[in-house]
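Enquirer: Protein chains in written order, with my numbering: chain A, 1 to 482; chain B, 1001 to 1482; chain C, 2001 to 2451; chain D, 3001 to 3451.
Be careful, since some hints might not be right.
[Claimed, not checked] Computed footprint of chain C on chain B, listed as stretches where at least three residues anywhere in the stretch have a Cβ under 8 Å from a Cβ of chain C:
hint: 1; segment: 1033-1041
hint: 2; segment: 1046-1053
[To be verified] Capping the alpha-carbon separation at 20 Å, the derived lysine to any residue pairs in SDA-like fashion look like this:
hint: 3; chain 1: D; residue 1: Lys3289; chain 2: B; residue 2: Gly1175
hint: 4; chain 1: D; residue 1: Lys3041; chain 2: B; residue 2: Tyr1110
hint: 5; chain 1: C; residue 1: Lys2037; chain 2: A; residue 2: Glu413
hint: 6; chain 1: A; residue 1: Lys201; chain 2: C; residue 2: Gly2176
[As the list claims (entries may be wrong)] Every beta carbon over 12 Å from chain A, so not counted as near; a handful from chain B, in silico:
hint: 7; residue: Asp1022
hint: 8; residue: His1061
hint: 9; residue: Asp1063
hint: 10; residue: Val1296
hint: 11; residue: Lys1424
By construction, these hints were calculated from the structure, which means they are not laboratory data. Beta carbons are placed, not taken as given, at the ideal position from N, Cα and C, and that holds for glycine.
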Amino acid sequence: MSATIFEKGTGGVSGRYIPENDFPEERIDDLISRSGEVGLPRIGQQDLIRHYVELASKNYHIDKGMYPLGSCTMKYNPVVNEEIARLDGFTGLHPAQDEEDVQGALELIYNLESALCEITGMSAFSLQPVAGAHGELTGMMIARDYFRGRGEDRNVVIVPDSAHGTNPASVVICGFTPKTIPSNDKGLIDPEILEKEVNEKTAVFMLTLPNTLGLFEKEIARIIEIVHRAGALVYMDGANMNALLGLVRPGSIGIDIMHVNLHKTFATPHGGGGPGSGPVGVREHLVDFLPVPRVVREGGGFAFDHVSEKSIGKVHSWYGNFNVFVKAYAYICACGASGLRAVSENAIINANYLMSRIGKWYDIKYPGPCMHEFVASGRNLKAHGVRTTDVAKRLLDYGLHAPTVYFPLIVEEALMIEPVETEKRETLDHFASVMERISIEARENPQILHDAPVTTPVRRLDEAAAARNPDLCWAGPAGGPE
Amino acid sequence: MSATIFEKGTGGVSGRYIPENDFPEERIDDLISRSGEVGLPRIGQQDLIRHYVELASKNYHIDKGMYPLGSCTMKYNPVVNEEIARLDGFTGLHPAQDEEDVQGALELIYNLESALCEITGMSAFSLQPVAGAHGELTGMMIARDYFRGRGEDRNVVIVPDSAHGTNPASVVICGFTPKTIPSNDKGLIDPEILEKEVNEKTAVFMLTLPNTLGLFEKEIARIIEIVHRAGALVYMDGANMNALLGLVRPGSIGIDIMHVNLHKTFATPHGGGGPGSGPVGVREHLVDFLPVPRVVREGGGFAFDHVSEKSIGKVHSWYGNFNVFVKAYAYICACGASGLRAVSENAIINANYLMSRIGKWYDIKYPGPCMHEFVASGRNLKAHGVRTTDVAKRLLDYGLHAPTVYFPLIVEEALMIEPVETEKRETLDHFASVMERISIEARENPQILHDAPVTTPVRRLDEAAAARNPDLCWAGPAGGPE
Amino acid sequence: MSFIQNTDSDREEMLRATGVSSFEQLLSPVDPALRVKGDLKLGRPMSETEVRSHVGAMASRNRPAGSLASFLGGGIYDRFIPATVRYVLSRSEFYTSYTPYQAEVSQGTLQAIYEYQTMIARLTAMDAANASMYDAATSLAEAMFMACSIKRSDRILVPAALSTRVRAVLESYAAGRRIRIEEVPWTDEGTMDLGRAEELFSEKASALVMANPNYFGMIEDAARISDLAHSKGALLVALVDPVSLALLSPPGEYGADIAVGEGQSLGIPQSFGGPLLGFMAARQEYIRKCPGRLISATTDIDGKRGYVMTLQTREQHIRREKATSNICSNEGLCALSAAVYLSTMGEDGFREVARQSAAKSHALYRLLSGVEGCVMPFGDNFFQEFVVRMPGSSESFLSQARAEGILGGIPLSGDYPLLGGDAILVAVTEKRTRAEIEKYGDIAAGKGGGR
Amino acid sequence: MSFIQNTDSDREEMLRATGVSSFEQLLSPVDPALRVKGDLKLGRPMSETEVRSHVGAMASRNRPAGSLASFLGGGIYDRFIPATVRYVLSRSEFYTSYTPYQAEVSQGTLQAIYEYQTMIARLTAMDAANASMYDAATSLAEAMFMACSIKRSDRILVPAALSTRVRAVLESYAAGRRIRIEEVPWTDEGTMDLGRAEELFSEKASALVMANPNYFGMIEDAARISDLAHSKGALLVALVDPVSLALLSPPGEYGADIAVGEGQSLGIPQSFGGPLLGFMAARQEYIRKCPGRLISATTDIDGKRGYVMTLQTREQHIRREKATSNICSNEGLCALSAAVYLSTMGEDGFREVARQSAAKSHALYRLLSGVEGCVMPFGDNFFQEFVVRMPGSSESFLSQARAEGILGGIPLSGDYPLLGGDAILVAVTEKRTRAEIEKYGDIAAGKGGGR
Ligand SMILES: Cc1ncc(COP(=O)(O)O)c(C=O)c1O
Ligand SMILES: Cc1ncc(COP(=O)(O)O)c(C=O)c1O
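This is chain A alone, in the form it adopts within the complex (with noise of 0.2 Å):
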């Protein structure tokens, strides 16, 4: 493993970046209340560098091999987006700079907006939200004050069992009381128990299309039928909206609210876990609720609207995760629209040609066809004593990155897989004979999979112990355990 920074920036010197301070002459000392140093490293930039690196180097990314996240979109982050997102232009704006000096940005949003509203079908869209997480909750705020301006008392939230994580939290924090509805055998929502669930004090009933399962919902003009006869709100989770590029307009269906993440659907990057971009939707009805400010046409120009006295107000300091809008935007250009719907079809292909191989040798709870990703259980190793997680681990060792595992919950011994439409049919191929061989060794030598990784930077970690007492922060100035 790698020393910490803090051990290698002991006792060193950092170099000099910026100028004498040219005004000596202030004297500031009266100001200092802090006792001691920071206890930051000092480190010649050679050194500092080559420790980077070295990270750098025990990462599986994108660009060194496929990555099957199911619900994760890792697709391809084109570079040269990297490097328009790079230009002063962009990043060196202050966000309260005059509006004349930032019409290029306005501009830029103002388009991005639109372009969502066109694939959506939406009414309009606010950026504002810079997770997926932070679309629900900004989405669950907009039904919350939709419904108190109303004067109905609707608290309660519907939410199947196949959701993500993030839907009934968000629903929790807004102060809605969730109720989990079970899918049916076949992975979909159940129009009759919803039905049933259904009343006076449903809020929303929030669903994610395509599922967590990478189906489509065969009922859902009776689901959001059934919810608007009940004078609720239909939000739809749009983290799988890359099965749905040209081929379905949600707003166009009837959905009221919804999120997409740019992080995934429109070819941002994740950064090891952020930042993304949650921009959230709505219907005409809804318009009014949205973040303030908006960004509006003016005269030849553009420019913020500020009020609105319906709006949620705020869920960011500023206006989202501009710089991650910039690349979307690029994104959806190079695209355009035959090839928005050329991703979907593609991502929609790659997951059945790579289910239809993996189903030989692992189950398939909820046979296709699937949109653009599918689920796979590692159940029929349970005999031989392999659990999904030593597949998983397997997979490392084969220099692949392994699916989503034990998600959605619904699936026992879940492998969530998503292939992207970036990969090419070799690269599925490849994937989808390693899994092959990976369900022999389970059969033949299961010990292998319990054993792996071995060929990674470090082997299976500890992580009851890091639960138990979490180290959390570097102790010592130096030395610790190589």
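Go by the hints and put chains B, C and D with the ligands onto chain A.
Expert: Same frame as chain A, now just chains B, C and D with the ligands:
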């Protein structure tokens, strides 16, 4: 190993990089005379990026660890210099643009030449040569034309046996006859021998200072005096200038012509073999012979001076490796006078420190003090059947790079070690301890060294087979051994 | 420009292998009536050249910091960022990787974030920090939730001298759970009115929020505020500026329970306000209540040191509706920027950044004190930012300054009517030069147009 | 800004460990009389901030292609470069590594260059290419040496329609060995005068150099020139433009013995003329005579495919004065750029670049044919570049064009008096737009000043 880009790029699709032709009406088919395709890959962007990222991961590089290649001055390459050199204002200039439009570029060239004069004590520099060997050749051309101009028929260039291979090669290419003289038992030039060799046929005495053993020529003053008395010129290979910054100025001690390597002393990256830059400096009496054009001050600004009828003419299509100048100039600005002196001080301290440690285990034929580098010998390991190559390959297994081996030729089983100033003491200690461990392995278990390397992407390669029938060009359109 | 690598024949073969004759067959679950008719109205695909010029043109229709001397602050600052940060962030091993769910192949990200957590904990002098939040405002909102669940009361006190944007985010987060947010006014010195705070504590509150420096740049009497909060059985939540902590007493020193703040100053470009970096640190006893990811050191089965995400039972993907927060993706790459920034500048360089920001802002303060009609209502006990009332109208001053390439400050009148008509908030970072600062003074003194 | 990592105490301890009491002691071999007295006059060290602004200011005192529409060529062209090239070149695994002397830890560089060699061999249709040379001029000079040593004569024939810069480099290289360079004039069509060439062969020559397209952009009758050279027992050395080879018959097809050229068009920025990329390819029988590095595929002791530098016995570090050349460092990173560029554009994209360059240059040609007083002396059998005489003086045209943001061409009058007073060389690459080309036409027609 990695499949070639041709294998990966068979039957694929490339992206669309340039717009549609906006002159579709232009018929140009009658220009086309090539029969058939070129045979370039067709590959998508993700797989292309993965290919080069995979190749990158198989390289050793400075940002990975110490690079003790003697005579190569593998010092840290500041990342900020890469950023500055990438500015449009530098990369976007056509060399034939109007001087008014390139004033900044001319100023940079002018300032860099001036800085090199100040550092070396020469009267003028030309930045046109793009590598050290190119600089040597340019220097030889200057000597050639200088003597032709004086009607002196001098065709011999004297070169010490410790010289780098480019020296005699450059001599020959320029039409001179090289004459090698042996170093004395101290590894230095023997003034007596030199005295005997120089005569009215001698055009140039070509030396390296410090020499390739890392030793400063104690008798340099007398050596120069001898050469000058014979009416010949002294050329200094300045590849080792990293030892002399702020300490000794060659021009001030009588060197007539020299080159420096910006890609060594001045921290510009080696790029896996280039581009470099090998500016040539001369003293007053030779200034008119420098390549054209020269950059001169004119009025408030800068201009090219294309005419000098004594000039040797040109050695490069334009002005040399301009983009490399930018990095070297930025480096000189960052260091300043005191910083440059510190560079040589630390390079010398590091080298002597490392020599004292390595000397405990390896033979040091010419004991110090050395300047910026030293040459050890694996001679004492021969008894155990171990060659210097084995030591070098074993170093790779420890995640380090090997020193320069089997050069200079006058040291048997040579290990030429240049630690450079940017390595920290701890790094040198680690290298020394690995060298120690290897010398012990050599005695106790030489087979480990014969088998090395075992941890590298490939193991020892069959160079003989390659030389017998070279495979210089990928044959198949696809397929080929995995 | 398409990033799809399959060819038509690939697709045909794959469909055949899948056992369908056409792509349409795969869409059988989708009721045709729901399908999009025809193409989306988004225009044709652009080549890389066209994308670059189309989007690049938008960039050139902005006037970035590089072309102007910015005295804007209010949470976002124009600071020097070393090249090392951009270099590390340009490595796709970091920016194209996902959340480190497979720890064995994510040690790079995990260790870097662990080191980031350590730096934040050291800056704030708190026991531990998390792996990042969206921004300062949402960090504070999450701290509010923490405090309310720890202290079992849905009432918190916040300073009136708080960013109205942060305040707005607090409100929208609070509304769902009907948390009551009440305001502690500022004194004539522009700092928290402890008397009023005391009165407001007549009713139970879970937390007292202190912004230090506060929105007007003023340095609070943190120790006394901390004592008050604790004496009233409330938590002290400190909203702090990370750069100020190189000089000012850190939250851990005066007993704050939770420390949050905006990390944009730590090597992250302004980028029109996003992405930002919300940081959160807490005392040991509250760690298991805190939101978001936590990276812990541990060992692998061979006893080798390594890193993992820990205490995930707090998080939504395990705990769902019982999670401490709904946050999933955070601002990981910005946390990496902060770690690289702080390691690069180092103990001394970082302190120098803080010293110069303070020195230069006080220099401007003194300059303006000498300007007829310039009023600084709150005195000079500030770190790097202060409030000033201009002789004329703030609009006219700001627009003249802009005309001369200076972003003069953020108008406060709209949001803080109490400050009176023409107050602006002026920030001075280490990046501002003597020439720029003197020019600012000249313009304020009506001696602009020079140079 | 210092990049030295040792501290004072490090230095003291190291000196002590080395057994000396001071640094000065290590300099004992250096006669004090030779030492520099005092400091160099270079000013104090600059911080990273200062370096960036000082050198950055020089960049902003230039007017780069981005801000102007360039019709300049003559060997260096303003072409589109995909982002992939900059991305790969920004990886320090490539740019900070040394020449791949330790093959086992240099497979990345070695395989990339092997792939580059393959692409050049395929472009030129020659048997093999080397790992790069300094630039086209020095490649041609080395080809001249090769030819002279192969054919044992110190006389070569070159076209008069050759870049005077390339010619100058040939001369300075030839002078040492007293190689005689004689010139074959051009015909009224601006191509090589084969009659005169035939006469010049009355005396033995080692090589006939053909530039195709030649410096005036004209396409030569390569097959006939090749036959002539070979019928006279000379080698044919072809100096070719790599982009033109997507459309034009490559050297291998018409029997060239050595092919050289300038690779700057292949993804390398203009950078004021450097670094460039000289490429060289040759027929099998001459490979062992060729200069510079060669990468070969081979296998390791486990039979695994790998790459090494080969035939090093040609090179100076082994062969010293008997080496085929003195070249050591080459333009490796530029060769990598070319490989990434060609792989990115691909077979079809690269051909499209060539097609558009041809189409657009011919479009401008037709436009100018319609302009009163514009004379194109050599007709339209060119690839992407042609000679034109402007109605007025070329200076006045060029300066007016520049005022309107157009770099109109390279004046030829000085170097090629035979062309008559006002000839300029105009190049049109795929990057030029219809608007720019039409604007060029307008200015030529004296209808400039618009827009
Ligand atoms: C279906 C679904 N919903 C919501 C989320 C949360 O999105 P984010 O991580 O951007 O907050 C995810 C991300 O994994 C998801 O897959
Ligand atoms: C002493 C010496 N001279 C000359 C050279 C040749 O320099 P270049 O490779 O830049 O041509 C080198 C490079 O290794 C060298 O070490």
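Enquirer: Beyond 12 Å from every Cβ of chain A: is that where the Cβ of histidine 1061 of chain B lies?
Expert: Per Cβ check, histidine 1061 of chain B is inside 12 Å of chain A; nearest 8 Å; violated.
Enquirer: Establish whether the coverage given for the segment 1046-1053 of chain B by chain C is satisfied; the threshold is a Cβ-Cβ distance below 8 Å, and no fewer than three residues must meet it.
Expert: With 4 residues closer than 8 Å to chain C, the segment 1046-1053 of chain B meets the three-residue bar; holds.
Enquirer: With the threshold set at 20 Å, check whether the alpha-carbon distance from lysine 3041 of chain D to tyrosine 1110 of chain B stays at or below it.
Expert: Within the cut-off at roughly 15 Å; holds.
Enquirer: Take the segment 1033-1041 of chain B, compare each residue's beta carbon with every beta carbon of chain C, and decide whether three or more fall closer than 8 Å.
Expert: violated (count 0)
Enquirer: Mind verifying the non-interface call on aspartate 1022 of chain B? Its CB should be farther than 12 Å from each CB in chain A.
Expert: holds (18 Å)
Enquirer: Take the C-alpha atoms of lysine 2037 of chain C and glutamate 413 of chain A, compute the straight-line distance between them, and say whether it is at most 20 Å.
Expert: violated (39 Å)
Enquirer: Holds or violated: lysine 201 of chain A and glycine 2176 of chain C, Cα atoms, limit 20 Å.
Expert: holds (16 Å)
Enquirer: Can we trust that valine 1296 of chain B is non-interface, i.e. its beta-carbon lies farther than 12 Å from all of chain A?
Expert: holds (32 Å)
Enquirer: Do the alpha carbons of lysine 3289 of chain D and glycine 1175 of chain B lie within 20 Å of each other, as the hint requires?
Expert: holds (18 Å)
Enquirer: Any Cβ of chain A at or closer than 12 Å to aspartate 1063 of chain B, or is the non-interface label fine?
Expert: Aspartate 1063 of chain B is in fact no farther than 12 Å from some Cβ atom of chain A, at 5 Å.
Enquirer: Check the non-interface label on lysine 1424 of chain B: least C-beta distance to chain A beyond 12 Å or not.
Expert: Answer for lysine 1424 of chain B: violated, closest chain A Cβ roughly 6 Å.
This entry does not satisfy hints 1, 5, 8, 9, 11, going by the numbered hints stated previously.
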